[in-house]
Every structure is written in structure tokens, then in C-alpha cells.
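Trainee: Based on the hints, put chain B in the right spot on chain A.
The listed protein sequences derive, respectively, from chains A and B. Residue numbering for the first sequence follows the numbering used here, starting at 3 and increasing by one per position. Residue numbering for the second sequence follows the numbering used here, starting at 180 and increasing by one per position.
Hints in this document: simulated from the structure, not taken from any laboratory. One should not assume that every hint holds.
What the hints assert, rightly or not - Far from chain A, by Cβ distances over 12 Å, these chain B residues were calculated: (1) ALA271; (2) ASN341; (3) TYR345.
Unchecked claim - In silico SDA-like pairs for lysine to any residue, Cα to Cα no more than 25 Å straight-line: (4) A:LYS107 with B:PRO355; (5) B:LYS311 with A:HIS182; (6) A:LYS107 with B:LYS311; (7) A:LYS107 with B:SER331; (8) A:LYS173 with B:HIS365.
Glycine included, every Cβ here is placed at the ideal spot set by N, Cα and C.
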Amino acid sequence: MKERIHALLGWLLVGLAVVGVIGWLQATPGSAQPIAFDHQKHVEGAGLECTLCHPGAREGRRAGIVAAGECMGCHADAAAESPEVKKLKAFADRGQQIPWVQVYKAPPDDSNMFFRPNAVRINFSHQRHVEAGAVDCAACHGAVGHRSKPVTSPELPIRMRRCLECHRARKITTDCLACHR
Amino acid sequence: MRSPGPLVDTRAGDGTRRGFLKAGLAALAGGWALLVRPVRGAAASEPESRAAEGLPRWGMVIDLDRCTACQSCTAACAVENNQSLGSVAEAARGRLNRWIHIVAVPDVGGERGGVRLVPIPCQHCENPPCVKVCPTSATYMNPEGIVGQVYSRCIGCRYCVNACPYTCKYFNWSEPKWPGDMAESHNPDVSPREKGVVEKCLFCHHRLQRARDRARAEGRRIREADYVPACVTACPTGAIGFGDLNDPESSVSQMAGSPRAFRLLEDLGTRPKVAYLRER
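Only chain A is shown next, with the shape it has when bound in the complex (with noise of 0.2 Å):
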């Protein structure tokens, strides 16, 4: 009898574990992009720079992505035959907006708030970072420029522990007001 219901308990824990591990899976960011982007080919194959194609980087509070005619620009003769460049290609003529998917946020999707899962508000300024602080790019988004799949999830996680890191390391300012107001 007691042999029993250790058994069925121990089919019971293995069972939860397959759950549990499914249910990571299909968890797991996977947030397939509408054109297979591959930076590494701009970035250090072509050279461009990261706010060729993110503008507002520099100057503003959000950085931007441009629209597919832009892209056009040099896609209307370079690799024009590549079957990512033709989806692009009918966007642009359609005039619609590349559906791209953020993948970068602050705060993250996750972020490990319970309770109020969207009170986390960040004042965040690419402008104050990358413009008057000399960030680089890589610094908080890690080294998309060697990616060559298109990004699905974040290269390095965005959390406070790594801002914090970083204002520390430079004596930039802590205080919470700062940031979270």
C-alpha cells in the first residue's frame, strides 16, 4: 500500500516536471520578426551605423526604426533577387509599415514585478545615454552587430542590476527619482 502512493507521488512529481518544462518552452521568448534581418551583413558587412536605421538614437527619448521605403533606398538595386528583400520590396510598395517586433523593452515583459505587473515605469532617454553620456550601443543591447538570425529576444537582459552597474562604475547618479518617477 505505502509503495503505492510513493509511486503514484513519484509519477505525479515527473508528470509536473514534464508540465512545468513544456510550459517553459513555449514560454520562452520566440518572437519570430516579418523579415529574416540580418544585422551582421549591414553593420559589419556594409558598415552601417546603428542609427543609419534606428534614428532618434541621439537626439530623442526613443530610438526609432525607419520605414521600409527608406530601406529602399539601397534595396531597390542591392540584392534585389534575395526572397527577404522582395517581402521587404512589397511592403514598400504597398506603403505599409514593416510589423517589426520590439524586442527591447524597459522594463522587460518579464520583469519580476507580481503583484502589478505593469507599474514598473521607467524614464528612459536614448538621447541622455548614447548622445550626452557616450554609451555605446552594445553596452545595453549587446553585440547585435554580429548577429546574423534576426533578433528575437533581447542579446543582454535589460534589468536595474546592470543600469546600476553601469551608473556606479561611471558615478552617475543613483537616486531612484532619477529613473522611476
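Mentor: Just chain B now, kept in the frame of chain A:
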């Protein structure tokens, strides 16, 4: 004759028991000294150490002689800080959140009689009672003397709302709502506060940050006119002065040193950084 009780060790003489008590008291006193002294010491020397570091200490002076109680400051503050509109029903229940509000004080025994109307923002006390009671350190005093409120840390216990003798902390009783496209015109530098958190005046801290950004871009130090809260800019009679109290040359420190200057509920020992100038 001693009556031996079940919990009293009758074998020990009076002397040893007294000795034990003495030792216990000494240990307690020692613990008290260890625990309490450093904290008190730090609190007492904080403003002085800040002055030594050359940090500013932001303060405000409100001239009641010039103030006409028009509430321009209240409106400007509400717009600047994305304050929830509220409703008539909420206002009737005292649940309208306006970070600078006009309080009617009966002028008892004064020359004029009647009612004196006093605009009251957060007093940004040097010894803030709200900070002492916050269980999550959501409210704290920053190195420049601004009493901050970190909304993502606030658990909405409202201890601070009750602790504040100036009634300058506001609880969000409902989710903020704005009609139509109004939310589109929000100030992007100030986050909206959701239901269940306490909010307060931060001396328009985002304006300080903006002023610092501008000064840095122009390669100079921040000037007095660079950082002015919204209520100060809106005041039509120039009744509100704002600036660095650590700078003896600043207009606000000179106004605060006026013989007309007084602070609200001074006897509580909160040492507010908002001073008022008495009517002449």
C-alpha cells in the same frame, strides 16, 4: 519573609537577582546605543554633509502678500504632472489629487479677520514624517533634499498619507482616466500613476533633469532660471520663488531669510523647505 512563587528562583539571593537585572539593563542600554545612536547621528548631520558636498538643496518661498489664491498653480501642476481629472463625486469625498492645493485658514486673532488662503505644495521637510513610516522605502529624501516617491515601490498602505501633517500625499482611489484623446497630450516625462499608489509633488523633478540635460549639452553649469517648477512659471503675481537654499546668493535663500518668513507647523520639527512670507 519572601513568598516563593512558582516562577521565582528562590535559591538566588536578592543581590544576585539585582545583579542580573543590572547586567540586563546595561546590555539593553548598550543595544539601544548601538542601534539608535548611529541612525540619529546620521539624520542630524545629513543637511550639513550635503552642503559640504556642494549639492543644491531645493526650496520654495511663497509670498502670501502677493498670492491671490487664483489657483493657476494648481491647474499648471495638474497639467504638468498628468494628474487624474477626478470627478465631482470624488471631489465630494475628498479624493481629488492636486499636488498644490489652496487651504482656507481662518485668520483667528489676525488684523484682517476672515479667511487666509494658503497654497500648499509638499513641504519637502528636512525631517520628513512620511519617510519615517514608509515600509518599502518608496518615499525617501534624495541627496538634493527633494522628498521623492517611487511609484513602483509603493504598496499603497497610506501610512505616509496619515503621517503627513500638511496633507500633501495623495492616494489614487481609482484608475486614472482621461476623456478622448486627452491622454495623448500627456507630459511624456511624468508617468501616470495607477490605482493603489500614493503620489505627491516632486518639485517637478523632471524639469530639473531636463535643465541638467540642456546645461550639459551647452557645456555649462545649471543656472537658477533653468530649473523652475510648473507652479512657479504659472503664478501670475510672481508669488512663488524657487531655487537653491544652499546658495546664499540665490533669490530664494534671501527671501527665506526675510523677517516675514515662517514655516507651516514649525513646532513639529519637520523643518520644511517651503517657506511662507507673512502678509504685511
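Trainee: If a hint holds in the structure, say so; if it doesn't, say that too.
Mentor: Going down the list of hints, with the structure as the test:
1. The Cβ of ALA271 of chain B sits about 28 Å from the closest Cβ of chain A, beyond the 12 Å cut-off, so the non-interface label holds.
2. No beta-carbon of chain A comes within 12 Å of the beta-carbon of ASN341 of chain B; the shortest separation is about 22 Å.
3. Every Cβ of chain A is farther than 12 Å from the Cβ of TYR345 of chain B; the closest lies at roughly 20 Å, confirming the non-interface assignment.
4. For a cut-off of 25 Å, the pair hint linking LYS107 of chain A to PRO355 of chain B stands: about 23 Å separates their Cα positions.
5. At most 25 Å may separate the alpha-carbon atoms for a hinted pair to count; LYS311 of chain B and HIS182 of chain A meet this at roughly 20 Å.
6. Pair hint LYS107 of chain A plus LYS311 of chain B does not hold up; C-alpha atoms about 34 Å apart against a cutoff of 25 Å.
7. Taking the CA atoms of LYS107 of chain A and SER331 of chain B, the gap is near 16 Å; set against the 25 Å cutoff, the hint holds.
8. Annotation: proposed proximity of LYS173 of chain A to HIS365 of chain B is violated, straight-line Cα distance about 32 Å (limit 25 Å).
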